[in-house]
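**Q** Build the full structure now, drawing on both the sequences and the hints.
In the order they appear, the protein sequences are chains A and B.
Sequential numbering from -9 applies to the first sequence in our numbering.
Sequential numbering from 28 applies to the second sequence in our numbering.
Derived by calculation from the structure, the hints in this document are not laboratory data.
Just to be clear, a hint being listed does not mean it is correct.
[To be verified] Derived contacts from chain A toward chain B, CB cut-off under 7 Å, selection only:
(1) S22
(2) E33
(3) L36
(4) T81
(5) F91
(6) G92
(7) S93
[Claimed, not checked] Below, computed lysine-lysine pairings styled on BS3-like, alpha-carbon distance capped at 30 Å:
(8) A:K32 to A:K88
(9) B:K98 to A:K32
(10) B:K84 to B:K41
(11) A:K35 to A:K88
(12) A:K(-8) to A:K35
(13) A:K35 to A:K69
(14) B:K41 to A:K32
(15) A:K88 to B:K36
(16) A:K32 to B:K36
(17) B:K84 to B:K98
(18) B:K36 to B:K84
(19) B:K84 to A:K88
(20) B:K84 to A:K32
(21) A:K88 to B:K98
(22) A:K(-8) to A:K88
(23) A:K69 to B:K84
(24) A:K32 to A:K69
(25) A:K(-8) to B:K84
(26) B:K84 to A:K35
(27) A:K32 to A:K(-8)
(28) B:K36 to B:K98
(29) A:K35 to B:K98
Even glycine gets a Cβ: it sits at the ideal position worked out from N, Cα and C.
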Amino acid sequence: RKEVEQDPGPFNVPEGATVAFNCTYSNSASQSFFWYRQDCRKEPKLLMSVYSSGNEDGRFTAQLNRASQYISLLIRDSKLSDSATYLCVVTTMDSSYKLIFGSGTRLLVRP
Amino acid sequence: NAGVTQTPKFQVLKTGQSMTLQCAQDMNHNSMYWYRQDPGMGLRLIYYSASEGTTDKGEVPNGYNVSRLNKREFSLRLESAAPSQTSVYFCASSGASGANVLTFGAGSRLTVL
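**A** Right, here's the structure in full:
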């Protein structure tokens, strides 16, 4: 079983739609959680951190569910520019330097 | 405002050849990392350097060596390239905003024939 699992997608949605991705992690002692965005053939970039209380940044909302060991990303009012791969990232207990990346969920937003 | 710079962007090698991927950051970050990304696998950590003068193995270190030349530079060397090392390599750094927040370079696409 992978340490961090994501549905690879693609999620194909029309502009304006609301879409949500989940990511599950296997290590219950995982400490920090993030969403990164990666455009095709580009480097990953931090989208947002995921806090225990949940957090929102404009159209993006991230939630953490420690009991069920998953994090989620909700995108409201999807834009064409949201088309990308979204990577779930978890840090390990033994070292905050060892980030574990999921293989990503691909989102396609169509006109 | 360069951030993290990697060279080369593309490289084709024959099996058994050696090469070094160069990485430099101008953000005064303490920590630097090398990842590889393969289809369906996500990014996997090869080596990291938590601070100048230290290096540690990540998840997939076999076949690679690294050098933290100074605070700015962190190089990755393939001594004898193998087709299994065909991948996209990303260098990253992290600093004051936390060890978890990475800034990546643009990537180096390596093909080993």
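**Q** Determine for every hint whether it applies to the structure shown.
**A** To see whether the hints hold, each was checked on the structure:
no. : hint             : result
1   : S22              : 5 Å, holds
2   : E33              : 4 Å, holds
3   : L36              : 6 Å, holds
4   : T81              : 6 Å, holds
5   : F91              : 4 Å, holds
6   : G92              : 6 Å, holds
7   : S93              : 4 Å, holds
8   : A:K32 to A:K88   : 21 Å, holds
9   : B:K98 to A:K32   : 25 Å, holds
10  : B:K84 to B:K41   : 25 Å, holds
11  : A:K35 to A:K88   : 17 Å, holds
12  : A:K(-8) to A:K35 : 22 Å, holds
13  : A:K35 to A:K69   : 18 Å, holds
14  : B:K41 to A:K32   : 25 Å, holds
15  : A:K88 to B:K36   : 25 Å, holds
16  : A:K32 to B:K36   : 11 Å, holds
17  : B:K84 to B:K98   : 18 Å, holds
18  : B:K36 to B:K84   : 24 Å, holds
19  : B:K84 to A:K88   : 10 Å, holds
20  : B:K84 to A:K32   : 25 Å, holds
21  : A:K88 to B:K98   : 19 Å, holds
22  : A:K(-8) to A:K88 : 15 Å, holds
23  : A:K69 to B:K84   : 40 Å, violated
24  : A:K32 to A:K69   : 19 Å, holds
25  : A:K(-8) to B:K84 : 20 Å, holds
26  : B:K84 to A:K35   : 23 Å, holds
27  : A:K32 to A:K(-8) : 24 Å, holds
28  : B:K36 to B:K98   : 22 Å, holds
29  : A:K35 to B:K98   : 22 Å, holds
Hint compliance for this structure: hint 23 is the single one not met.
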